[in-house]
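Chemist: Below are the chains, spelled out letter by letter.
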Amino acid sequence: MTASARILAALVAGAIFGFGLSLSGMLDPARVRGFLDIAGDFDPSLAFVLAGAVAVSSFGYLISRRLQRPALDCAFHLPTRKDVDLRLVTGAAIFGVGWGISGLCPGPAIASLALGLVPTFVFAAMMLLGIVISDNWRKAARLGARQDADAQV
Amino acid sequence: MPGLLSCRANLETLMASLISQTYLQSLAGGALIGLASALYLLLDGRVAGVSGILSGSLRASDENQSRNIAFVLGLVLGPVLYRLGFGAWPVVHIGANLRLLALAGLFVGFGTCLGCGCTSGHGVCGLARLSPRSIAAVVTFLIAGIITVASMNALGVA
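Top line first, the protein sequences correspond to chains A and E.
Heads up, the first sequence is in the numbering used here, so the first residue is 1 and it goes up one at a time.
Heads up, the second sequence is in the numbering used here, so the first residue is 1 and it goes up one at a time.
Read the hints as simulated data drawn from the structure, not as lab findings.
A hint or two may mislead.
[To be verified] The calculated SDA-like cross-link candidates involving lysine to any residue, where the alpha carbons are at most 25 angstroms apart (straight line), are: (1) A:139 - A:118; (2) A:139 - A:87; (3) A:139 - E:59; (4) A:82 - E:142; (5) A:82 - E:97; (6) A:139 - E:142; (7) A:139 - A:78.
Chain E with its partners taken away, still in its complex shape (with noise of 0.2 angstroms):
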């Protein structure tokens, strides 16, 4: 039965390919994401927002110091980790436009403190609490994140 046999053939390709996609990848990535935030909240009690625990470690006044930064530690581990497991730093493509770059990082720092949180404490951890307040933060800096992107484009500013 060639007919069959090319079927499950290609059907093995189909697979293989779709285990090779880094859709799948980014996956298991996220779902690791979320047992960090799942572990932070049931041993220490507290949402893992990113922007909240980079100030709260800015703070000498903040009795949860050590533990931010011992979290903003363990974020700059991470990669190194990955390094060691998978014999290749993640592969990363930055902008050279650094004047742009340092803009965007003040709106970064500026907007997810007032705003109360980023993608990690709105996104993942909000969106999973279904709190409005969340909803409404990660609704708005998505749409002004396209909105950013596509104007970019527009006017040729990379």
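So here's chain A without its partners, still in its complex pose (with noise of 0.2 angstroms):
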């Protein structure tokens, strides 16, 4: 029961999500990138979809903070950390470029593959390949730490 309405509520907000990005118009990559070029022709669209999107998410995270647990689930699960590594900057400069490149990130880019157009299943497909690439990688990194742990014992 409880594992219905949580497939039921991740399909209900994947579609909001999906909603509000074709109607704030960031499914076009060209007001991406018009809104990363501000020394050229600037497009100041994707300030006011991220104005409005924090706005409400903020009003959402305000009041899980006075839940004790999620609707569907025993807890909530957020993320903890809070120190800025290497990691976590190299990985977001890579995304800009790529971001920069294309126009397009994870959100867009998936909701796009519905028109139907081919650039979009191209870049989808390479993006999965990467996201697969990154998690093996990542996996790899850990299982060489854990043998050199025990290298050294």
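Relying on the hints, combine the two individually framed chains into one complex.
Modeler: The following block contains the structure:
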């Protein structure tokens, strides 16, 4: 019962997210690149999208802080780390370069698959490949670190 | 009082142009994105970060896999609902250079996975929680994106 309710919740949240992206105009890579083009043909739309999103999302976060648990789970699962490390900054920088080249980030890239455009499918396939490579690389690094630790003993 | 009348007419034109402004639509779309992440947090207790949800949906070992897949399907359903509501697909202009796009896709996938988040996880959810990691990530990917676009313009790459 809860399992299917949670699946439904994820589907509905995803659909609202995708609809919001469509309404905001952020499915259009040209407008996202326009926001990054501060010295050229600047398009401020993304700032409005982010402002609207962060405002409502903050409200949700404030409500969550007054609750013991979410409606469909026994606890909140929020990231707890606060330290800014090299991995975070490197990853964000690599993402930023790809974002600047294409004007696409993961949300709009997946949502715009609905439009059935070939370039978006190519982008999304390569993005998934990038995720798999990064995931495996991290796993291998963790394994390597464990072996190093074993070797020390 | 013709002066007052024309003033009012001007005000009406101004209001009409403001409402038809795409910025208002962007703000409303953004608010819906925020609503989706608030809902996901309050119902399921998780951050609605698309890159994390995507990588989770690829891992069979992830106990949340089915929910992650459901979110991804919902995301694709979004533009379809928009089409049903407004009678047209959202407008998209996409660069024609497929090789460059493929490279960008690889960077976006690898980078968001390495940096633990993208515009939704770090941008929408992380900034709302005032997470220092997310603030650092958002500043970094904005600067990297701005430099990339400026360099491409300077080199004449499209």
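Chemist: Indicate, hint by hint, whether the structure satisfies it.
Modeler: Do the hints match the structure? See the list:
The hinted pair formed by residue 139 (chain A) and residue 118 (chain A) fails the criterion: a straight-line CA distance of about 32 angstroms is larger than 25 angstroms. At roughly 14 angstroms between alpha-carbon atoms, residue 139 (chain A) and residue 87 (chain A) fall within 25 angstroms of each other, so this suggested pair holds. For the hint linking residue 139 (chain A) to residue 59 (chain E), the alpha-carbon distance of about 12 angstroms falls within 25 angstroms, and the restraint holds. In summary, the hint linking residue 82 (chain A) to residue 142 (chain E) is supported, as the alpha carbons are separated by about 20 angstroms, within the 25 angstroms threshold.
Proximity of residue 82 (chain A) to residue 97 (chain E) is assessed by CA-CA distance (about 39 angstroms); at most 25 angstroms being required, the pair is judged violated. For the given pair, residue 139 (chain A) sits about 28 angstroms from residue 142 (chain E) by alpha-carbon distance, which is inconsistent with the 25 angstroms threshold. Restraint check for residue 139 (chain A) and residue 78 (chain A): the C-alpha separation of about 22 angstroms stays at or below 25 angstroms, so the hint holds.
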